[in-house]
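Q: Model the full structure from these sequences, guided by the hints.
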Amino acid sequence: MTLASDDKPRWTRKHLLSLEELSADEIRVILDQADAFKEVSTRSIKKVPALRGRVVVNAFFEDSTRTRTSFALAAQRLSADVIDFSEKTSSTNKGETLIDTARNIEAMGVDVIVVRHGAAGSAHYLARTVKCSVVNAGDGAHEHPTQGLLDVYTMRERFGKIEGLKVAIVGDIANSRVARSNLWALNKLGAEVILVGPPTLLSRSFEQLGARVVHDFDSIIGEVDVINMLRVQFERVKSSQFPSVREFTRLFGLTWDRFQRCKKDVFIMHPGPMNRGIEIQSDIADGPQSGILQQVTNGLSVRMAVLYLVTSLG
Amino acid sequence: MRTQYDADDVKRAIAALVDQIAVTFSHDKPLGIIGIRTRGEVLAQRLTQLLKARGFARIERGTLDITLYRDDLSEIGPKPLVRPTAVDFDLAGMPILLVDDVLFTGRSIRAALTALADFGRPAVIRLLVLADRGGRELPIQADLVGLTLKDVPREHRVNVRLKETDQVDEIVVEPRNT
Chain A
1 MTLASDDKPR
11 WTRKHLLSLE
21 ELSADEIRVI
31 LDQADAFKEV
41 STRSIKKVPA
51 LRGRVVVNAF
61 FEDSTRTRTS
71 FALAAQRLSA
81 DVIDFSEKTS
91 STNKGETLID
101 TARNIEAMGV
111 DVIVVRHGAA
121 GSAHYLARTV
131 KCSVVNAGDG
141 AHEHPTQGLL
151 DVYTMRERFG
161 KIEGLKVAIV
171 GDIANSRVAR
181 SNLWALNKLG
191 AEVILVGPPT
201 LLSRSFEQLG
211 ARVVHDFDSI
221 IGEVDVINML
231 RVQFERVKSS
241 QFPSVREFTR
251 LFGLTWDRFQ
261 RCKKDVFIMH
271 PGPMNRGIEI
281 QSDIADGPQS
291 GILQQVTNGL
301 SVRMAVLYLV
311 TSLG
Chain B
1001 MRTQYDADDV
1011 KRAIAALVDQ
1021 IAVTFSHDKP
1031 LGIIGIRTRG
1041 EVLAQRLTQL
1051 LKARGFARIE
1061 RGTLDITLYR
1071 DDLSEIGPKP
1081 LVRPTAVDFD
1091 LAGMPILLVD
1101 DVLFTGRSIR
1111 AALTALADFG
1121 RPAVIRLLVL
1131 ADRGGRELPI
1141 QADLVGLTLK
1151 DVPREHRVNV
1161 RLKETDQVDE
1171 IVVEPRNT
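Here the protein sequences come in this chain order: A and B.
Sequential numbering from 1 applies to the first sequence in the numbering used here.
Sequential numbering from 1001 applies to the second sequence in the numbering used here.
Honestly, I wouldn't trust all of these hints.
As the list claims (entries may be wrong) - EDC-like mimics (lysine to aspartate or glutamate), calculated; alpha carbons at most 20 Å apart, straight line:
1. A/Lys38 <-> B/Asp1118
2. A/Lys47 <-> B/Asp1071
3. B/Lys1029 <-> B/Asp1090
4. A/Lys46 <-> B/Asp1118
5. A/Lys166 <-> A/Asp265
6. A/Lys188 <-> A/Asp25
7. A/Lys38 <-> B/Asp1090
8. A/Lys46 <-> B/Asp1090
9. A/Lys263 <-> A/Glu192
10. A/Lys47 <-> B/Asp1090
11. A/Lys47 <-> B/Asp1088
12. A/Lys14 <-> A/Asp111
13. A/Lys47 <-> B/Asp1072
14. A/Lys263 <-> A/Asp218
15. A/Lys263 <-> A/Glu157
These aren't lab readings, by the way, just hints derived from the structure by calculation.
A: Written out as structure tokens, the structure is:
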């Protein structure tokens, strides 16, 4: 066993707003911290006192089951107190609602606001408005940094490293914050990213972000190490951009036929919630090469690491 | 005040500690040895090796990172990064030897005891340190001590360096920030 000498802290951020703004080293710090926190969840008493007396607010203006639960449990495992604040956004005055809410929340003396909001940039906006830490849990189609982190964490766990991996992200790229956060993290850590989807949901402009853009899923199916299937977001897709569901499944679904043409050790991922039978066939999602439940488990460790780090500046 | 202890001093201190362990614990019963990161872990490794050579056949070894349990987390400015804890055996009912390099204020040990309680209820916990430099701020004392350093000024550091992490075995008492 090798022993590292004492690490000097290299984390200097009060907020986690996007992966675009992080360096590769900063992403590695989070992933390594997540490694350390993973052990906590294996103990008989799954709790450490690191954030005792701190308050974390879950402010979700959009629906979420897994992310909200995951953040709440992560905060509780660190002994923080957790408040849940959920409200559907009024479409007319998103900005005002967010400011009012933030001020109210801040008046309660909180340390971290975990925010999900339908407007891109809302987490950045909030971070400029409040004094406490802000963690972005999804802002419109912009970013979902903890999902990107838990995805690369799960890939790193599976393959030992990210560098040199070929990762396909498939589906409705245009509307996907998960795709953007994954793209940033994977690029920074040295993976090759191939974005796959219909031209209406995946424009060539993504090439400027450092990805290969492909409209024919079958053309790359045999060369990738990881396939990350995105959820078809019926609530976001405008009908004119979106083919029929049957056509989508035929062209971009992970069917049994396509799966059999994949690399032997291909790793299948999905951020959830899944539309079984639409973007992914059920028995592939539940099969031995699926990392979908590991993603959920790892999400907890990653979020513990993020909450610890953003409050670590003293 | 002596400020320099070389590799031979460290070797003698560790040998003395092994003798003390041999009279404190029985070699034919289970014994858990848990080192506090970073140098306590190295010491625990060495002690385990030496004890196995002396007939201790049922040793389990673990490593504790106490960062999350420190009572000064909100006061020390930037928090240190957390490194993995690895205690892969059941502590319940076991005698445990807790190992650290230097005993000073006692706060690390307080944190380690709190952490251990989350893993189970050992039969007994004994504390072993390579060097006791005095200066306690809590009612905590070591059961087994390699070296007792006298009259070390509070503002001085006692740096234990071990080959595995620092390429050299030595203990140096020096002013901070040198």
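Q: Run the distance test for A/Lys46 versus B/Asp1118: straight-line Cα separation, threshold 20 Å.
A: holds, 8 Å
Q: Holds or violated: A/Lys47 with B/Asp1071, Cα cutoff 20 Å?
A: holds, 16 Å
Q: Assess, step by step, whether the Cα of A/Lys38 is no farther than 20 Å from the Cα of B/Asp1090, and give holds or violated.
A: holds, 18 Å
Q: Has the given pair, A/Lys263 with A/Glu192, been kept, meaning a C-alpha gap of at most 20 Å?
A: holds, 16 Å
Q: What's the verdict on A/Lys47 and B/Asp1088, does the C-alpha distance respect the 20 Å limit or exceed it?
A: With Cα atoms ~17 Å apart, A/Lys47 and B/Asp1088 stay inside 20 Å; holds.
Q: Is A/Lys38 close enough to B/Asp1118, meaning Cα to Cα at most 20 Å?
A: Given pair A/Lys38, B/Asp1118 holds - Cα atoms ~15 Å apart, limit 20 Å.
Q: Please work out if A/Lys14 and A/Asp111 have their alpha carbons no farther apart than 20 Å.
A: holds, 10 Å
Q: Under the criterion that the straight-line Cα-Cα distance not exceed 20 Å, is the pair B/Lys1029, B/Asp1090 satisfied?
A: holds, 15 Å
Q: With a cut-off of 20 Å on the C-alpha distance, tell me whether A/Lys47 and B/Asp1090 pass.
A: holds, 17 Å
Q: For the pair supplied as a hint, A/Lys263 and A/Asp218, is the alpha-carbon distance within the 20 Å limit?
A: Answer holds: A/Lys263 to A/Asp218 is near 13 Å, not above 20 Å.
Q: Please verify whether A/Lys46 and B/Asp1090 have alpha carbons no more than 20 Å apart.
A: holds, 15 Å
Q: Given the hint that A/Lys263 pairs with A/Glu157, does the C-alpha gap stay at or below 20 Å?
A: holds, 18 Å
Hint compliance for this structure: no hint is broken.
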